[in-house]
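Residue numbers (our numbering), protein chains in the order written: chain A, 1 to 678; chain B, 1 to 335.
Rather than coming from a laboratory, the hints here were simulated on the basis of the structure. Virtual Cβ for every residue (Gly too), placed ideally from N, Cα, C. Possibly wrong hints are sitting among the right ones.
Stated by the list, open to error - Lysine-lysine pairs mimicking BS3-like chemistry, simulated, CA-CA at most 25 Å apart: (1) B/Lys173 x A/Lys245; (2) A/Lys457 x A/Lys159; (3) A/Lys224 x A/Lys492; (4) A/Lys546 x A/Lys131; (5) B/Lys92 x A/Lys377; (6) A/Lys228 x A/Lys291; (7) A/Lys423 x B/Lys173; (8) A/Lys423 x A/Lys335; (9) A/Lys228 x A/Lys284; (10) B/Lys240 x A/Lys424; (11) A/Lys492 x A/Lys558; (12) A/Lys442 x B/Lys173; (13) A/Lys368 x A/Lys335; (14) B/Lys240 x B/Lys254.
To be verified - The following label-pair restraints were derived from C-beta to C-beta distances: (15) B/Arg136 x A/Glu550: 16 to 26 Å; (16) A/Pro104 x B/Ile28: 53 to 63 Å; (17) B/Arg136 x A/Thr158: 57 to 67 Å.
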Amino acid sequence: MDAKTMAAVLLIVGLLVGFAAGYVFAPPKIKTQVVYRNQTKVVYRNQTQTVVQVKEYKPDIVVSYSGATPPPEKLVGFSNINPAFFSNKSVDALLQAAKYETNPVIREKLYNVIQAISNYEVPMIWLGQAKARRHYWSWMHFPFFNPVLADNQWQFVTKDPNAPRPNEVDVGDIGEPESLDPAQTYETAGWGAGIQLYNRLVFYYGNDSKNVVPEAAYAWAMSKDGTKLYFAIRKGLVFYDPWDKKTFDMTPEDVAYSINRIIESANYEKVDYPEWIISDFVKKAYVISEKDMEAALKEGLVAPILGKEYTINSMDQWINLFKEKFSYVPWHKAKTEIAGYVVIELKRPYLAIMSCLATNVGSIVSEKAVALHNSTKDPLALKWYNEHPVGTGPYYLVSWTHNQELVYEVNPYYWGEPKPTIKKWVIKIIPEEESRILALQKGDLDYGVVSPQSEDKMEGKTLQYNGKTWKFLMPWMGGTFDITHIYLNNKKEPFNNLYVRQALAYATPFEFIIKQVYRGHLMPVSGVIPKGMLGYTDNVPLDYWKTMSEEQRIAKAKELLKKSGIDPTKYTITIIYNQGNKPREMIATLLQNEWQKLGFKVKVQTFSWPTYLKKITNGDYDVAILGWAPDYADPDDYAYPLMQGGWHFATVKVAGLAVANAKPIEMAGVKLLVGPAP
Amino acid sequence: MGDFKYYIARRLLTFVPTLLGVIVITFIISHLVPALPAKGAFARHMNPQTLALIKKMYHLDQPWYIQLWLYICDLFTGNWGTSIVTSRPILKELSIYFPVTFQLAILGEFFILVAGIPLGIAAAMRNNTKLDQAIRVLSVIGYSVPYFLLAIAFQMIFYYWLGWLPGFGLGRKPRVVYTGMYLFDSILCGDWGAFVDNFLHFLLPSISLATPGAAVIARLMRGSLLDTLSADFIDYCRMKGLPERVIMVKHALKNAIIPIITVAGLQFGGLLGGAIITETIFAIAGLGRYLVVSTYAMDYPVIMAGTFLIGLVYLIVNFVVDLLYAYVDPRVRLT
């Protein structure tokens, strides 16, 4: 062997020996410890001299909690747990964190993550959000569409003078309000009426569903710690009481009284119980003097306006800011003097409180009218105000024949702008679809409820009147915040298995349901928060809500089922829906069809509404179909009730310190860490 | 006439046990079904304390016999309970819906008799002619065609195509409302415009309600009259030389009318119970719709009050029918 070959052999042998030695003497285990920024703890070494390797995870947001109480023994859907009985400690911490976060940027990020989690965990299948469509004769003119509002604002609606009944509008509705008292109504018809009868501290204008504008309040500001809200009350609003034939000027006392009345009303028998929208967050409301208001301003307040925050230090600055920023709102210019000041104290800082005050529950009622009709047993005059609404709004109630019709007329003492042009509004209750369609076709109704199935009957209909040809219009308006869900009982097998839930979601025929059941009146949604609301994002892990072919769906579903490890043939799934609800009946049958392809046995059952509700709240079901409508326009109104699993925490801090055993969650482009505080 | 007084007294005595029986049976049935009193969107944010409060207020936490006893006491003191769904006093709600149904029933029964009796008489008198056959065929069609089909057909033809009559809703409220029956009230205060408007609105619903009933009455009248006409005493009258019309009206009709009275009474009771389908199609807020919707919502107090009302109504109607009976046929007074 010559030198070159010797060297080569030595090299190779040397390398081999080196590798072998390295292998023999290398550290047997490498312990990886994730280390976080902001942490004061230091990397430690293992006694057996293994080297600890460090991998850095840099979270955007850290959520730490302490004082966790687990869910109670007896779980009641909608009450102490979400109706799908899904329970996850980290998710609950996130929900609580997002609820009370005062920084709008962080709050949005947290809700983005919650949206992504709702998409991945799929505790209920998010079927879609409703798309609104108006149905009216072309002699009607509706300038705005706002998904937050339960009805159009009649003061902006106009009617062509050549139309039939030019000074009156006849609407065909399917049901009547349950009450006209803001403390007692919790459904669409009542809230729609409230828009015309009352004014609130803040409200919405035009098509903007994200920002509130001043109404009974001229201006507002928040204390720096977020627990006190200050309102400058507008002067010149007038209550009209047609039953006592009296008018009352609206005072700051009325405003404070209205809020306190709502909170107090929870202790009495009422038609319905919407007061939590204010009483869950508000401690009390009271009037303060101009001197106290100026003192508060001097300390410095913060005014959240149109998505931005402004610091306020003086009365003039405050009033001028609101005068300038809201000059586009017609009624804001009508009365500009200040009558006084009201403070609303919150239990905890809650950014969404402005949306709550803009709902029907925030309507201002007349303390004096209540005093005329109350009694020791009914100090809030709940029984009287139920059917005798006294408000400051553009219309007042003339008569209410139950389940037959409601008649409204223009309030002669209305303070604002624009003044309504249509003198009389009659809501006719016509529950039978056929009769309502006939009446619409004849032009005896100006607009009304047309169900998706009946739309082709009205398509292209025309009417001759006063020498003109009028058309029946059915324009698409855009997404609303009403969602339909398919609840899966997460307490029961096989729905407690994540991959089973995901498989069932993939196997759901979204495209077919949207087209055939809802006739296009539904659009897909990526998770628990609807599009158009703060927190919505498309950046979610799973794509079962996107359009794909049936084969793709079933293939993906089967793949997930295999991953889940369960045998579908061992399970019988019963899908329930409420009697008389045709769309849900169709959805249940379609789901039965598709899910059986995965190997499950599927049954469909129907129950009357009260029994249905009972079964769901008791968790006595497999799969149920229900909807969700907004109480107020904030993601907390969706995410919390629909996902919270019963865990409560004494404190939840965002951007808190060191968390032990924390869970890294990376979703929706946000890196999160959730865990118990040290 | 002493017989008559005894007869009335005897009939009145059967009222109370029958009523109590009605109450007990409805109570038992409505409490066998387990359901949650659902108030609209109440379940969305259900406060367990409020639920307990409601249970206490409606005595739903008491044993069934206590609830029954409390209920019977309330009924006879004018407190017919509060609706769980609307939280309004039931008696007040019934006083809105019942007059509407009462008017509908009166008009309906009026058309039934006005159409059915003459047609039946005509058929009987022109027995076995083309007219008789035509009336018989029309009768069969009249009571075979389902209610809703008739109602929709009338609505389509007279409201939609011809535009002669209004197709839904009640007419204008009269100036002063006394009883809630707009037709009656408008006569009382002289508001003839409201009377005509209400009458026009009630025409289609009451005619569509009346058609099956009229068909039944027509056939019954025909059969009953033919029966009576074949009796011996009619031949005797004829032999006496009485004119045909006198025989018809004075002798035959009085006998033949007896089964009609019973059936008309039952029909009226049925109409008072509320014609849910007619009320729904013509968008009239009456008793039928109220009771059916409350049953769906498991509104126990309304179900029980409604059943009690209908039971009471039937008892009174039957009582009146029996009185008429006894007036027309003296033999009955002895029973």
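Holds or violated: A/Lys492 to A/Lys558, with C-alpha atoms at most 25 Å apart: holds (20 Å)
So the hint says 57 to 67 Å: do the beta-carbon atoms of B/Arg136 and A/Thr158 match that? Given about 58 Å between the Cβ atoms, the range holds.
Are the Cα positions of A/Lys228 and A/Lys284 separated by 25 Å at most? holds (10 Å)
Under the criterion that the straight-line Cα-Cα distance not exceed 25 Å, is the pair B/Lys240, B/Lys254 satisfied?
holds (19 Å)
Quiz item: Holds or violated: B/Lys240 with A/Lys424, Cα cutoff 25 Å?
Solution: violated (71 Å)
- Message: Check the hint pairing B/Lys173 with A/Lys245 against an upper bound of 25 Å on the C-alpha distance.
- Response: holds (21 Å)
Starting from the range 16 to 26 Å, see whether the pair B/Arg136 and A/Glu550 falls in it by beta-carbon distance. violated (58 Å)
- Task: Assess, step by step, whether the Cα of A/Lys224 is no farther than 25 Å from the Cα of A/Lys492, and give holds or violated.
- Result: violated (46 Å)
Margin query: Hinted pair, alpha-carbon criterion (25 Å max): B/Lys92, A/Lys377. Please report holds or violated.
Written below: holds (19 Å)
message = Between the alpha carbons of A/Lys368 and A/Lys335, is the straight-line distance 25 Å or under?
response = Since the Cα atoms of A/Lys368 and A/Lys335 sit roughly 22 Å apart, the hinted pair holds (cutoff 25 Å).
* To do: Confirm or reject the claim that A/Pro104 and B/Ile28 have a C-beta distance inside 53 to 63 Å.
  => holds (59 Å)
Sort out whether A/Lys335 lies within 25 Å of A/Lys423, counting only the CA atoms. holds (23 Å)
In this structure, the earlier hints numbered 3, 10, 15 are contradicted, and the remaining ones agree with it.
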